[in-house]
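Participant: In the numbering used here, the protein residues as written are 23 to 155.
Worth flagging that the hints you see were computed from the coordinates, not collected in a lab.
Be aware that one or more of the hints could be misleading.
Pair ranges (Cβ atoms, derived) [stated by the list, open to error]:
(1) Glu-116 <-> Asp-73: 19 to 25 Å
(2) Gly-103 <-> Cys-34: 23 to 29 Å
(3) Pro-37 <-> His-129: 36 to 42 Å
Just so you know, even glycine gets a beta-carbon here, dropped at the ideal spot from N, CA and C.
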Amino acid sequence: PISDVGEMTVVCRLPNERRRIFILVSVSMEGAALRVNLTEQPPQLAPYRIDNLTHTHSLLVTQSPCAALPQPRVVEEVAPGKRLHFAWEQVVDEPTLALHAGNNCVHLRLDDLQLVGGLKAAAFADAQPEVLR
Numbered sequence: 023p024i025s026d027v028g029e030m031t032v033v034c035r036l037p038n039e040r041r042r043i044f045i046l047v048s049v050s051m052e053g054a055a056l057r058v059n060l061t062e063q064p065p066q067l068a069p070y071r072i073d074n075l076t077h078t079h080s081l082l083v084t085q086s087p088c089a090a091l092p093q094p095r096v097v098e099e100v101a102p103g104k105r106l107h108f109a110w111e112q113v114v115d116e117p118t119l120a121l122h123a124g125n126n127c128v129h130l131r132l133d134d135l136q137l138v139g140g141l142k143a144a145a146f147a148d149a150q151p152e153v154l155r
């Protein structure tokens with residue numbers, strides 16, 4: 023929430039484009055007022071990344087449903103051997119990602135990821151388990 027002092031990165035999709043931009047939101051107190059600074063960041067500074075280390079499976083990444091987006095939506099497709107820089111488009115109570123590859127699906131709670139610094143996701147057919155950071 024904007025009432026919390028601190029920093030967070032969100033991603034925005036530009037209207038009529040598929041391009042995403044990452045925005046650093048900095049909230050600070052200045053006297054009796056909240057100051058909110060919005061700064062565009064390069065994708066490499068996004069708080070999360072998903073590396074698809076498979077050789078043959080694309081990953082479809084969906085974000086937790088929320089009031090504004092009651093149905094999960096595809097955030098991105100990650101081709102074999104490619105990387106996705108990630109930040110939330112909508113704030114949710116329990117941030118969860120679903121990674122879909124073929125007939126498999128792995129759910130990752132990002133609150134757990136923040137607590138331990140990385141989670142091992144189950145391997146898809148031709149990939150070794152890797153730590154998501």
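Participant: Given the hint of 23 to 29 Å, is the C-beta distance from Gly-103 to Cys-34 inside that range or not?
Facilitator: 27 Å, holds
Participant: Can you let me know if the beta-carbon spacing of Pro-37 and His-129 is within 36 to 42 Å?
Facilitator: At roughly 31 Å between Cβ atoms, His-129 and Pro-37 fall outside 36 to 42 Å, so the hint is violated.
Participant: Should the hint that Glu-116 and Asp-73 are 19 to 25 Å apart at their CB atoms be regarded as holding?
Facilitator: 23 Å, holds
Consistency with the previously given hints fails for number 3 only.
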